[in-house]
Every structure is written in C-alpha cells, then in structure tokens.
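Protein chains in written order, with my numbering: chain A, 1 to 190; chain B, 1 to 92.
Check before you lean on any hint, since a few could be wrong.
[To be verified] Restraint-style ranges between C-beta atoms, simulated for each label pair: (1) A:G23 <-> B:G9: 14 to 22 Å; (2) B:N37 <-> A:G82: 47 to 55 Å; (3) B:K5 <-> A:G116: 49 to 57 Å; (4) A:E51 <-> B:L40: 13 to 21 Å; (5) A:L137 <-> B:P67: 27 to 35 Å.
If you are wondering where the hints come from, they were derived from the structure by calculation, not from laboratory data.
Predicted model, so just to flag it, every value in this text is computed and none were measured.
Glycine included, each C-beta is placed from N, C-alpha and C at the ideal position.
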Amino acid sequence: MSGTSRPRAQVPGEIGIWAFVAGDLLVFSVFFILIAFGQKEMTDVFSTSRESLNLYFGLCNTLLLLTGSWFVAIGVERCRDGQGSDNARWFKLAIGCGLAFVLNKIFEWEAKIGAGFTPLTNDFFMYFFIFTGIHLLHVVVGVVVLIFLLKVSQRPTLNSRDIRTLESGGIFWHLVDLLWIMLFALLYLL
Amino acid sequence: MSNHKMYFGFSTMTWAWVFLVGTTLLAWWFGFIDAQNIHLATTGVIIAGATKIWIIGHQFMELHRAPPVLYYSFVTWALGIAIVLLTILTIS
Chain A
1 MSGTSRPRAQ
11 VPGEIGIWAF
21 VAGDLLVFSV
31 FFILIAFGQK
41 EMTDVFSTSR
51 ESLNLYFGLC
61 NTLLLLTGSW
71 FVAIGVERCR
81 DGQGSDNARW
91 FKLAIGCGLA
101 FVLNKIFEWE
111 AKIGAGFTPL
121 TNDFFMYFFI
131 FTGIHLLHVV
141 VGVVVLIFLL
151 KVSQRPTLNS
161 RDIRTLESGG
171 IFWHLVDLLW
181 IMLFALLYLL
Chain B
1 MSNHKMYFGF
11 STMTWAWVFL
21 VGTTLLAWWF
31 GFIDAQNIHL
41 ATTGVIIAGA
51 TKIWIIGHQF
61 MELHRAPPVL
71 YYSFVTWALG
81 IAIVLLTILT
91 IS
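With the rest of the complex left out, here is chain A (with noise of 0.2 Å):
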C-alpha cells in the first residue's frame, strides 16, 4: 500500500468571509455589466472620457494592490508555518501599499474634479466615481482589518484560530485587489 496521502481539503479561513466574498462578487458583477452595456451603447462618450483618464493612476493603484496582495499573502503564509522572525512586517508593508493606494485615489479624484469632471458630466464619470468610490471604501475597510492582522500576527504564539483570522483578513484583502483588477481594466484599459 502506498505511503503517500494527498493533503485534505481545507476553506481557507472562515465560511462567512465566502459567503460575503460570493455576495461582493455578485455586487460587483453588475457593476462590470453596467459598465460593458455603457461601452457598448454610448462607445463615443466612454471612449472619449476615457482619454482624460490618467492611464499612469490607475496603472500605478494596480501594482500597489498586487503587491499589498504578495505581501498579505507571504504574511499569512510564514505565520501559520510559524517560519520567520518578524511576520509583522509584510502587514505593515501591505498597510502601506493600501495608503498609498488611498492617497493616489485622492489625488486623482481631485484632479478630475478640477478638470472640471464629476459624477454628473456624462455616465462614463458617474460609473467611474460611484464604482471607484465603493471600492475605495472596501480599500479603506481592507486597511483596518490589515492593522488588525497586524496586531494578530505579533501575539507570541498563534492557535487555529488566530491563524482562520488571518486567512479570512487575507481573503479580504485579496477580494479588494481582485475587483480592482476588472475595474480598471474597464475603466481605463477599454
């Protein structure tokens, strides 16, 4: 008989943070459709306002949030191996990508609305601030569960549960990043 077993199938963190990450995705879905059929029935006006788009923001808030994923990821990773001295560290550096993410999103906003765009100039602008405005706030809430992990991954010992904790912070974190990713691809990429 063989010696070797496949590892069991396990949920990475806790079943409530699926059920809410089912219920964002269903959310956000719309908001790519709404977004496609705005596209498709007005190209002019979307492809138009896209151009006063500034490619670089939203290029620049991708990589933040990637690498704030590779962060939350490489954290979560070493503390449930119980490898390295100091995991705290990729939370703070995954807390310092979603600043600067927040921060870039500020400042790009502003320079809209001094262009004179806001939710009111066409549809185009209405999806761009409502959506990345919504996602902002999942941007902001994924923050404060990252500090929170923070202060788990720096307990002196970790159990099972301190370990779902931060995986479900994780997940969080990642369904933050992952809708970003469709957003600007629709957004500024079309």
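Since the structure of chain A is provided, determine the placement of chain B on it from the hints.
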C-alpha cells in the same frame, strides 16, 4: 511543517506576483492597440483581467487547497463574468 515550494529560488507566492505584474503590463499594451483591432484589444484586456483574477484566487486566496466546490465556484464566476463581458463588448 513548511508548505513553501521554491522554483529557481523564489516561492510560488513571488512567482504569482511576477506573473500578475507581467499580465498587467500585457493588458496595458493591449490598450494601445489601434481602433482597427478593437475587438482584439478588448478580448486581450478582458482575458488578461480574468487570468489575473484566477491567479489571485488560486494562489493568494489559496483556493488551490480548498474543497473542489469552492474552487470551481470561483473559477466558474471568473470565467462567466469574462464571457458575459466579452459578449456584451464584442458582439454587435
């Protein structure tokens, strides 16, 4: 016990980040394709986005070790939203 897997000196998490950054730059390049290839550009952008979403779910969210029902529900959503968006954007 460590679950780390290393490839050429880097962990799978790091390789995932490298691939995500690379795919981001590829999607950015698709955005520069001229109007004659608009459907190609749109398809490239959406598929790159869906691929990145899958990598985040599979690697960062660790769905690769989740029960199949959870993993395949996520994959179905990523694939489904990509198909719906491509259908809306490319079919006249």
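| Ascending list of hint numbers which this structure does not respect | Violated: hint 1 alone.
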